[in-house]
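Residue numbers (our numbering), protein chains in the order written: chain A, 1 to 396; chain B, 1 to 518; chain C, 1 to 43; chain D, 1 to 352.
No lab work stands behind these hints: they were computed from the structure.
Computed from a predicted model, the values in this text were never measured in an experiment.
All C-beta atoms, glycine included, are put in the ideal place defined by N, C-alpha and C.
Be a bit skeptical, because a hint or two may be false.
[As the list claims (entries may be wrong)] Here are the simulated distance ranges between beta carbons:
no., chain 1, residue 1, chain 2, residue 2, range
1, D, Ser268, A, Ile18, 41 to 51 Å
2, A, Ser352, D, Asp79, 23 to 33 Å
3, A, Leu343, B, Glu445, 58 to 68 Å
4, B, Arg83, D, Phe207, 56 to 66 Å
5, A, Pro384, D, Pro270, 38 to 48 Å
6, A, Gly37, D, Asp79, 25 to 35 Å
7, B, Lys296, D, Lys208, 39 to 49 Å
8, A, Leu343, B, Asp294, 53 to 63 Å
9, B, Val505, D, Ser268, 53 to 63 Å
10, A, Pro200, B, Arg83, 41 to 51 Å
[Stated by the list, open to error] As a list, the in silico DMTMM-like pairs of lysine to aspartate or glutamate whose alpha-carbon atoms are at most 25 Å apart:
no., chain 1, residue 1, chain 2, residue 2
11, D, Lys246, B, Asp497
12, D, Lys80, B, Asp508
13, D, Lys94, B, Glu339
14, D, Lys310, D, Glu296
[As the list claims (entries may be wrong)] Incomplete in silico selection of chain A near chain C, CB under 8 Å:
no., residue
15, Thr126
16, Thr127
17, Val171
Below, each chain spelled out in residue letters.
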Amino acid sequence: MSQEATTANRSFITPFNIIASIIVLIGLFLTVRRFSGGLGAVTNLSDNNAWGIWIGFDLLTGVALAAGGYVTAAAVYIFGMKKYHSAVRPAVLTGFLGYALVVLALHYDVGRPWRLPYPFVVQQGTTSVLFEVAACVALYLTVLFLEFSPAALEWLGLKRARNLAVKFTLVLVVFGIILSTLHQSSLGALFLIAPSKLHPLWYSSFIPIYFFVSSIIAGLSMVIFESTLSYRFFSSKMDETHLKEKDDIALGFGKAAAYVIAGYIAIQIMGLGADNDWHLLGSLYGLWYLVELFGFFGVSCLLYAIGAREKNLKLIRWTAAWTVLGVIMNRFNVSLIAFNWQLPSSDRYFPSWMEIGISVFLVTLGLIAFRFIVTRMPILYEHPDYRDAHRAKGGS
Amino acid sequence: MFVILLICAMGALGIEALSDLSDRTKSDLARADGITIDALAVFGDLERPPVVFLHDLHTNALEEKSKDCMTCHLSENGRLSTRFKRLKDAGKQEVMDIYHANCIECHTEISAAKEKSGPVVCGECHRKKPTILSSRVPMGFDKSLHYRHSRALKKQCERCHHEYDQKSKKLFYAKYKEGTCRYCHKKESEDLISERRISMRLASHLSCIGCHRKTMAENMFAGPISCSGCHDLEQQQEIEKIDPVPRMRMKQPDFVLIKAGGKESSGARMNRVPFSHKSHEGYSDTCRGCHHKDLKSCLDCHTLSGSKEGNNVKLLQAMHELDSERSCLGCHEIKQRQERCVGCHGFISNRRKQGEPYCMKCHMAPTQERTGVLTQTGERELARMVPEIWWAIFGARQVADIPKKVVIKKLVDRYEPVEFPHRKVFRALEKKIDGDKLAAYFHLEEGTLCQGCHHHTPAAKKPPRCGFCHGKPFDEKDLFQPGLKGAYHRQCIGCHDKMGIEKPVSVDCTGCHAEKKQ
Amino acid sequence: MDNIFFTLHEFLLHTENFTYLLIVATLVGIAGFWYFLTGGDED
Amino acid sequence: MAISRRKFLGWLTATGLSSAFGKTAHAGTTKHFEGHPDSLGVLYDNTKCIGCRTCEAACNRVNDLPPPDRPFDDLSVLDKKRRTDAKKYMIINKYDHIRNPKGPLHARIGCNHCLEPACASSCFVRAYTKTKEGAVTYDSSVCVGCRYCMIACPFNIPTFEYDSAFTPRIRKCTMCYDTRLVKGELPGCVEECPTESFTFGRREDLFKIAHERIRRYPRRYLDHIYGENEMGGTSWLYLSGVAFKKIGMREDLGVTPAPALTASALASVPMVVGTWPLLLMGIYAVSKRKEKIATEEKEQALADTIAQAKAEADLKISEAWQKAEKEKEKAVETAVRKALEEAAETENEESS
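Full structure from sequences and hints, please.
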């Protein structure tokens with residue numbers, strides 16, 4: 001992406017467009033291959049390793065990184081931090097796109113995507129954690145769509161519909177938070193049923209809580225990260241409130257993140273105590289675990305704190321990126337690296353280039369969609385007609 | 001994004017690869033001469049891990065320098081102390097110093113002479129993980145070895161055997177009371193510092209090596225003095241074996257009547273058991289195989305209702321306990337595990353109840369009050385006679401009219417009928433037990449041998465067909481009964497496997513079931 | 001269905017089915033109730 | 001050697017009846033479940049198994065599975081360790097490296113038909129069923145292919161048809177439930193095994209048999225029945241001559257049934273739904289109230305300042321007035337004095 005992106009309508013030949021279109025082409029080819037040849041044709045999945053990066057990255061990580069939506073919404077509408085208001089729409093948009101991609105990715109991963117509605121309409125396996133995840137994700141996607149709809153409606157100039165949509169903001173936000181709490185934690189709970197496969201350092205009866213808390217961390221960091229990028233590429237699209245507030249946002253969210261991470265590390269350590277896993281820290285997996293917990297989360301916590309104290313925005317922005325990596329790494333460890341750890345290395349899973357290709361393809365789609373929307377809809381600026389609208393009421 | 005992805009995935013493999021390195025086998029480092037020097041253990045807990053000292057390594061090295069044991073071991077009235085450079089463990093510090101000073105000194109000297117030498121820094125001797133794998137095998141003094149020694153020493157038993165006199169606190173020799181060293185010399189010395197009732201280990205090393213060295217000094221043939229000479233498996237097997245070993249004579253009886261001993265003798269109800277001590281001597285390698293405490297008769301400790309000195313093991317258990325190698329049944333049961341027996345006996349649960357006929361096999365001599373034989377000699381006479389009487393009763397086994405061939409028509413839907421060479425198999429079994437006195441004695445009656453296969457039914461010329469008991473499988477009314485197919489296959493295959501009969505191969509159906517002709 | 005459960009799985013299946021129904025009811029109910037409760041306030 | 005239909009139906013009805021009267025009180029009163037009464041199972045005794053792969057062949061035949069890459073009488077297949085896949089519901093692995101007087105020992109790998117199946121508990125379309133006869137069956141007509149069951153199964157049993165584009169199914173041993181069991185026939189492997197290494201019957205009876213074998217031949221068996229408690233118990237039970245972990249069976253699975261592992265997490269869902277609205281709306285109300293107060297105070301403050309300003313202004317004006325007055329008076333005085341002085345001067349000039 002580059003400055004031209006904003007003025008794409010003038011010249012279409014830009015580095016971003018070229019790379020993007022190449023990726024998309026490859027992606028389409030792989031898509032055809034996947035749906036004509038089955039999972040075996042594109043993935044390295046096996047009977048021992050049923051889940052690969054399409055779950056580990058696209059689902060687990062995707063959902064975690066899309067947590068910005070509910071976190072920001074909560075901050076602004078529930079905790080009444082109005083000064084962060086301009087962060088809401090970008091965050092909600094990112095969340096919406098994120099979840100849309102997650103659902104899209106699932107169509108690639110499951111054997112018979114056209115049956116995805118079955119758990120709701122045909123037969124309900126309510127004892128499954130996955131059922132809850134599915135239900136929550138489906139509902140939350142709808143919620144996000146509705147939360148995002150005002151922007152679209154403003155763009156389309158449908159005043160009435162827009163105002164109607166705004167009316168429900170509050171209840172939508174509350175729904176959103178509840179649903180997020182449930183499925184963010186349940187994604188962790190998915191692994192509760194396999195204590196014999198997940199390495200004890202990562203397996204814990206508290207894993208749902210770990211996932212929920214780390215999703216908040218991811219959400220906060222992603223908002224900072226994403227607003228940084230937006231400023232870099234779409235600053236021309238930003239109105240003065242947005243420009244004015246974005247630094248406050250970075251500082252405030254950074255501070256919040258630092259605090260949450262501290263708590264996260266605390267509960268992780270207490271979890272170790274609860275299962276008495278201390279002796280495992282000596283092993284290689286123990287080392288890896290420490291790298292994840294302190295090398296990523298610990299360091300992030302420290303840097304965020306320093307950044308917040310010294311109002312060092314540069315530091316905070318870099319830390320945000322680092323934290324996001326930390327969360328990604330955590331999800332990878334749980335779902336891939338520390339999973340099936342007892343299998344001999346010959347039976348372990350390593351993604352094929354095609355799996356990675358599809359993941360990249362989906363991410364690219366997300367970026368394209370994001371750019372399409374922010375260059376058209378009132379995301380980074382406020383629609384002139386509704387300037388005063390939300391100031392009075394809590395709606396967006 | 002997927003930079004991270006790769007990193008993580010790499011991490012996965014990285015971790016895997018590295019964690020593979022954990023366990024390695026060190027079989028190449030197997031040695032028999034590792035001595036753990038924990039002399040300081042006497043003075044309380046050790047501060048550092050004990051040193052594993054490779055004795056032969058050092059003796060060989062000294063030999064090359066034409067030095068002898070005296071380099072490290074002091075001798076006291078002609079007997080070499082097993083301790084290093086000292087006779088007594090005076091005190092902790094003292095002992096420690098002796099080791100540190102001498103070992104390090106010697107090692108440094110040698111290395112000073114630009115020769116290969118031992119470690120001089122703490123950690124290289126005091127290692128947590130041993131650098132060798134002990135292949136030491138215990139050395140037994142079996143009958144053959146005993147005979148060779150007594151022959152070489154011209155039956156001067158006193159050269160090794162002795163008793164301890166409590167009053168004079170001296171060792172003395174008592175003829176005909178010679179027992180296994182282990183009766184007195186236990187696993188641990190009674191007193192570690194003062195040498196009273198020294199451990200079997202210490203005693204054997206002192207006397208064996210001491211004597212061997214002396215004999216060598218007189219340049220006569222002598223036993224080994226190096227660790228591996230006795231404790232290394234290969235070298236152990238090279239030790240000359242005498243077979244058969246002439247009987248050891250020390251006034252032990254040829255025959256005894258095993259009966260309740262002492263005042264309970266009148267309480268005995270079962271017939272007494274005539275026991276050929278003479279022939280059983282040949283079956284056990286040592287006396288203590290049966291006489292585990294001392295050479296007294298079993299009955300002295302194992303009374304009918306158990307006694308303290310017998311550790312409350314009743315006579316019944318002492319003679320019938322299955323999991324013991326000393327009891328009659330236990331030992332006989334072990335014999336049944338040899339390849340030629342296990343084919344049949346493997347199927348017979350060793351938890352079986354001893355039925356009437358089996359009991360009488362041994363309990364054949366009528367109780368005293370019935371015989372009135374009271375004198376020792378009289379009893380011996382009886383004991384010697386009873387088996388002969390018994391043989392006379394049974395005479396030779398009749399093995400006429402054993403069907404030559406049995407055709408099994410099961411599974412005919414898939415294969416040709418199986419033609420089972422019935423008599424051939426029987427003859428083979430007969431051959432197996434040939435010349436085995438134990439087997440011969442217990443398979444005396446006609447049909448006993450048949451019951452290896454025709455089990456759980458009285459021996460008869462025409463035993464019930466297999467199918468009469470073994471029907472369809474998994475009958476809930478008869479849970480423990482295998483079905484016919486299972487019974488056949490288990491019996492045939494099981495027996496063949498256990499007896500090491502290669503053909504036919506168990507997994508090759510057509511080995512027994514001929515392909516069906518179309 | 002008859003309430004005889006031989007396995008924990010059966011039992012959970014039964015209870016969870018109800019639980020999810022109750023959850024939906026709760027969500028709707030509480031939201032409605034909130035509006036009813038705050039309906040009285042000005043603004 | 002199929003068991004008579006009548007007897008088998010006998011089993012079934014027995015199962016049915018006791019499920020009506022059997023342990024109802026037990027199941028009803030406490031939260032402790034012991035599986036379907038009189039459910040059936042199989043006991044595999046690896047000291048009897050000779051590794052002839054007849055069972056694999058039978059399994060392949062009765063389930064119409066695709067032909068194997070190498071024929072079933074090719075026993076060299078046993079030289080490498082295998083696992084089940086979409087073409088094999090069960091396999092036998094050979095372990096001859098174990099120093100074991102009883103010669104090579106074998107292990108059967110296949111679905112153990114847990115009493116509390118992890119696959120069933122983890123399936124979000126209820127594709128798996130634990131039948132009252134004990135079999136764990138799978139219904140591909142609803143399966144979405146999420147493969148969560150494969151993640152959940154502690155024995156790594158369910159396999160997936162990765163190469164099928166449109167109808168990929170999970171494949172696993174079903175104890176021949178639909179194909180044979182309901183018809184009163186034995187599972188394929190059980191019926192074909194020449195040495196009856198597989199014993200079929202009521203699970204309770206299998207325990208009796210297993211314990212009896214251990215009692216009679218203590219030297220031959222390890223005194224442990226695998227599947228008695230593993231993962232809450234399984235319908236397939238195993239007897240072995242050596243430690244199970246030596247023949248590739250995990251002994252560290254624990255005894256907690258799979259559904260219990262996720263039960264608490266699921267139980268917390270309604271609680272979250274119940275409590276979070278209260279919490280959130282509470283916080284919302286508080287923050288809103290704060291905001292309101294803040295705005296009110298602001299307005300108040302504004303009003304005050306205005307009032308104050310007005311007052312000050314009035315003060316200034318009045319002062320200005322007074323000043324003006326004074327100056328006027330001064331001016332008048334001076335003017336008067338001037339006039340008087342002039343008058344006086346003129347008088348002086350006239351008199352001289």
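Hints, one by one, checked against the model:
Distance hint check for D:Ser268 and A:Ile18: the Cβ-Cβ separation is about 49 Å, which falls inside the suggested range of 41 to 51 Å. The hinted range of 23 to 33 Å is satisfied by A:Ser352 and D:Asp79, whose Cβ atoms lie roughly 29 Å apart. Between A:Leu343 and B:Glu445 the beta carbon distance is about 59 Å. The supplied range of 58 to 68 Å therefore holds. The supplied range of 56 to 66 Å is met by B:Arg83 and D:Phe207, whose beta-carbon atoms lie about 59 Å from each other.
As the Cβ distance of A:Pro384 to D:Pro270 is approximately 45 Å, the hint placing it in 38 to 48 Å holds. For A:Gly37 paired with D:Asp79, a C-beta distance near 32 Å keeps the hint of 25 to 35 Å intact. Between B:Lys296 and D:Lys208 the beta carbon distance is about 46 Å. The supplied range of 39 to 49 Å therefore holds. In this structure the supplied range 53 to 63 Å holds for A:Leu343 paired with B:Asp294, their Cβ-Cβ distance being about 59 Å.
Hint check: B:Val505 to D:Ser268, Cβ distance near 60 Å, so the stated range 53 to 63 Å holds. Range check, A:Pro200 to B:Arg83: Cβ separation about 50 Å, and the 41 to 51 Å hint holds. For the suggested pair D:Lys246 and B:Asp497, the alpha carbons sit about 22 Å apart, so the restraint of at most 25 Å is met. Among the hinted pairs, D:Lys80 with B:Asp508 is consistent with the structure: their alpha-carbon atoms are about 20 Å apart, no more than 25 Å.
In summary, the hint linking D:Lys94 to B:Glu339 is supported, as the alpha carbons are separated by about 23 Å, within the 25 Å threshold. The suggested pairing of D:Lys310 with D:Glu296 holds, with an alpha-carbon distance near 22 Å, which does not exceed 25 Å. Taken as an interface hint, A:Thr126 checks out: its beta carbon lies about 4 Å from the nearest beta carbon of chain C, inside 8 Å. With a least beta-carbon distance of about 5 Å to chain C, the hint placing A:Thr127 at the interface is held under the 8 Å criterion.
Of the supplied interface hints, the one on A:Val171 holds, with its beta-carbon coming within about 5 Å of a beta-carbon of chain C, less than 8 Å.
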